[in-house]
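K.L.:
Given chain H, work out where chain E should sit, using these hints.
2 protein chains.
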Amino acid sequence: MARPELQSGEFGLIAKYFAPLAKDPGAFGLKDDAAILPKRPGYDLVVTKDAIVEGVHYLASDPLDTVAQKLLRVNVSDLAAKGAMPAGYLLMTAFAKHTQEKSVALFARGLARDQAVYGLSLWGGDTVATPGPPSFSCTMMGWVKAGRMLRRSGARPGDETWVTGTIGDSGEGLALLRAGAAANDPKTRALIKAYRIPNPPAAFGALLPGLASAAMDVSDGLIQDAGHMAAASGVALSLDFASIPLSLALLSRNRSGKDARLKACAAGDDYQILFAAAPKMAKAILAAAAHTKTRVTRIGAISKGRGVTVLSPSGEPIALSKRGYTHF
Amino acid sequence: MARPELQSGEFGLIAKYFAPLAKDPGAFGLKDDAAILPKRPGYDLVVTKDAIVEGVHYLASDPLDTVAQKLLRVNVSDLAAKGAMPAGYLLMTAFAKHTQEKSVALFARGLARDQAVYGLSLWGGDTVATPGPPSFSCTMMGWVKAGRMLRRSGARPGDETWVTGTIGDSGEGLALLRAGAAANDPKTRALIKAYRIPNPPAAFGALLPGLASAAMDVSDGLIQDAGHMAAASGVALSLDFASIPLSLALLSRNRSGKDARLKACAAGDDYQILFAAAPKMAKAILAAAAHTKTRVTRIGAISKGRGVTVLSPSGEPIALSKRGYTHF
Chain H
1 MARPELQSGE FGLIAKYFAP LAKDPGAFGL KDDAAILPKR PGYDLVVTKD AIVEGVHYLA
61 SDPLDTVAQK LLRVNVSDLA AKGAMPAGYL LMTAFAKHTQ EKSVALFARG LARDQAVYGL
121 SLWGGDTVAT PGPPSFSCTM MGWVKAGRML RRSGARPGDE TWVTGTIGDS GEGLALLRAG
181 AAANDPKTRA LIKAYRIPNP PAAFGALLPG LASAAMDVSD GLIQDAGHMA AASGVALSLD
241 FASIPLSLAL LSRNRSGKDA RLKACAAGDD YQILFAAAPK MAKAILAAAA HTKTRVTRIG
301 AISKGRGVTV LSPSGEPIAL SKRGYTHF
Chain E
1 MARPELQSGE FGLIAKYFAP LAKDPGAFGL KDDAAILPKR PGYDLVVTKD AIVEGVHYLA
61 SDPLDTVAQK LLRVNVSDLA AKGAMPAGYL LMTAFAKHTQ EKSVALFARG LARDQAVYGL
121 SLWGGDTVAT PGPPSFSCTM MGWVKAGRML RRSGARPGDE TWVTGTIGDS GEGLALLRAG
181 AAANDPKTRA LIKAYRIPNP PAAFGALLPG LASAAMDVSD GLIQDAGHMA AASGVALSLD
241 FASIPLSLAL LSRNRSGKDA RLKACAAGDD YQILFAAAPK MAKAILAAAA HTKTRVTRIG
301 AISKGRGVTV LSPSGEPIAL SKRGYTHF
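From first to last, the protein sequence lines are chains H and E. Just so you know, my numbering puts 37 at position 37 of the first sequence, and the rest follows in order with no gaps. Just so you know, my numbering puts 40 at position 40 of the second sequence, and the rest follows in order with no gaps.
Just to be clear, a hint being listed does not mean it is correct.
Because identical chains share one entry, a pair is satisfied inside a single copy or across any pair of copies.
Restricting the straight-line Cα-Cα distance to at most 30 Å, the calculated cross-link-like pairs of lysine-lysine (DSBU-like) are [unchecked claim]: (1) LYS293 with LYS102; (2) LYS39 with LYS263; (3) LYS187 with LYS258; (4) LYS23 with LYS39; (5) LYS263 with LYS322; (6) LYS145 with LYS23; (7) LYS263 with LYS187; (8) LYS293 with LYS187; (9) LYS39 with LYS280; (10) LYS39 with LYS145; (11) LYS193 with LYS97; (12) LYS304 with LYS283; (13) LYS258 with LYS16.
No wet-lab data here; the hints were simulated from the structure.
Chain H with its partners taken away, still in its complex shape:
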């Protein structure tokens, strides 16, 4: 395939933009066919893999440094929800025919920025060409104390349900971008940023083992993902509709909190942690949240049964027309 726009070619791009991101000795400066994974006595290496595709998981108009950050952060989100501390990643980049080399450079700058934020190293990967839209896949690994990885399946009747951060901001940011909104006020900027550069609670997640009984990341909509936890744990989750945490930016764009929450429940890309914990853990959870400057909200209860029920302040079930977001 002729690639006049990417004059450096595959090996040149790797040497110029990606090798400088691979400082760990086991990565061999990306000059070999493979890397050696690090070992850490007393820890498990937890692995996850998430991919993003232009037009599906991000918009063609999103700057490529933020695309790189989103790629890393959707994976950091999975690790944080498992109680794991990010360590390193492998990267597949499929740049499009029209991709310019300066875009590759911008993408690499986004990677460098978030490697510093999360303490990540690049351990390897593959750089390929595609006749289609650009896409990127990341395999990320992180450390958790041996045997302490949080599962989706550990929630027990009597536990409380919690969520980090606020819900729905990213979905609203996507709606604003699709509508062509200009980011000329702080609230609009905050919502667009929530879509482009999600902010998974990595430091808080690393403190959750020992506190939470189950955890998962919220990426496909709060209610749908709560359903996954209920199914994996074999329990029933009830969520207090009014307690679902919203940002002031999101509230300001809706006629009522109810309207905002209905939309938020069906939006995707929150990259927060939904977790269950015994009531006696509440104090320690709030301390961990304060220590890591993370907002946490108790949003419901867990009982015997199955499925997710959303309850109004008066305790009546609320029927939701849309329970999640599908990227597929």
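P.N.:
Here is chain E on its own, set in the frame of chain H:
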């Protein structure tokens, strides 16, 4: 994105076609956000990542079970060249809008077949949609005794250069497919098979630590890849043109061995192992090859200096117009 062809949706596809491939306890049946990597005392876990894109690394007309096999085998090839035994992998599938569910089922059957061939387990992954052509990325891991991973950089003056299998078959198979050749004779079928389902010498590769001083897989053309080894090792490689191993199938399609070798040197996708070894290792190398029913050929010598020289039987350098194949 509306996906009428893939009625099961993302979660349904994973449950139906991919979860049955994930039997290791650390994969949690693909029902969690992440997996826990296995540990093996005294061994390193070696990791590689290779992706394939329709129209770049395989043809739209290639059956999807062979595409799945090619995806796994290009990664097995990297591990084999490092002396590592395949253990498990994570998989990103980006199916196109027009992909039918029966194609996903066929792809999964190809994975199952090669999981059995190489002793692999599926450890996790991501299933996304793409508006472009299908693409697949694999992160594969394998075991090698601690500290024994073969590098590209270990070749020393005085070593001999070897290669496994035959060179150029895959390139000829690709040319036949592009010309619309019918696979109605065994030689044509063998060449097409070499392109669609490469056969990396996994068992032989696992015996190479302790025998070889350097190794890498041949995927971008023998001469170009030999250049990578020469550069990484800081040595000069001379290759005996006439000793480059060719299959009878390839020879039968060319006027002369010379014509066939010139083409073979510039073809890609061989997925054989190029390695360097001290002359005293020759006997053990031939024994390992016999034990694993692997063809190996001594194709050159290593000396002080840099770069790759291809020598005629009379010892004259041969100028090659094309030294490799680019997928980019």
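K.L.:
Have a look at LYS258 and LYS16 and pick one of within, between, both or neither, based on CA distance no larger than 30 Å.
P.N.:
neither (51 Å within a copy, 37 Å between copies)
K.L.:
Please work out whether the CA atoms of LYS39 and LYS280 approach to 30 Å or closer within one copy, between two copies, in both situations, or in neither?
P.N.:
neither (35 Å within a copy, 34 Å between copies)
K.L.:
With identical chains, the pair LYS39 and LYS263 could be close in the same copy or across copies; at 30 Å between alpha carbons, which is it: within, between, both, or neither?
P.N.:
neither (44 Å within a copy, 44 Å between copies)
K.L.:
State whether the alpha carbon distance between LYS263 and LYS322 is at most 30 Å within one copy, between copies, both, or neither.
P.N.:
within (9 Å within a copy, 58 Å between copies)
K.L.:
For the identical chains here, do LYS39 and LYS145 meet the 30 Å Cα criterion within one copy, between copies, both, or neither?
P.N.:
For LYS39 and LYS145, the Cα distance is within 30 Å both inside one copy (12 Å) and across copies (14 Å).
K.L.:
Measure nothing new, just compare the shortest in-copy and cross-copy C-alpha distances for LYS293 and LYS102 to 30 Å and report within, between, both or neither.
P.N.:
neither (36 Å within a copy, 48 Å between copies)
K.L.:
Is it within, between, both, or neither for LYS263 and LYS187, if the alpha carbons may be no more than 30 Å apart?
P.N.:
within (17 Å within a copy, 61 Å between copies)
K.L.:
Please sort LYS145 with LYS23 into within, between, both or neither, judging by C-alpha distance up to 30 Å.
P.N.:
both (24 Å within a copy, 23 Å between copies)
K.L.:
When no copy is specified for LYS293 and LYS187, does a C-alpha distance of 30 Å or less occur within a copy, between copies, both, or neither?
P.N.:
Intra 20 Å, inter 67 Å, cutoff 30 Å: intra-copy only.
K.L.:
Give the relationship of LYS304 and LYS283 under a CA distance limit of 30 Å: within one copy only, between copies only, both, or neither.
P.N.:
For LYS304 and LYS283, only the intra-copy Cα distance (24 Å) is at most 30 Å; the inter-copy one is 68 Å.
K.L.:
Pop the pair LYS193 and LYS97 into one bin, within, between, both or neither, using alpha-carbon distances up to 30 Å.
P.N.:
both (28 Å within a copy, 29 Å between copies)
K.L.:
Give the relationship of LYS23 and LYS39 under a CA distance limit of 30 Å: within one copy only, between copies only, both, or neither.
P.N.:
both (16 Å within a copy, 24 Å between copies)
Violated hints, in rising order: 1, 2, 9, 13; the structure is consistent with all others.
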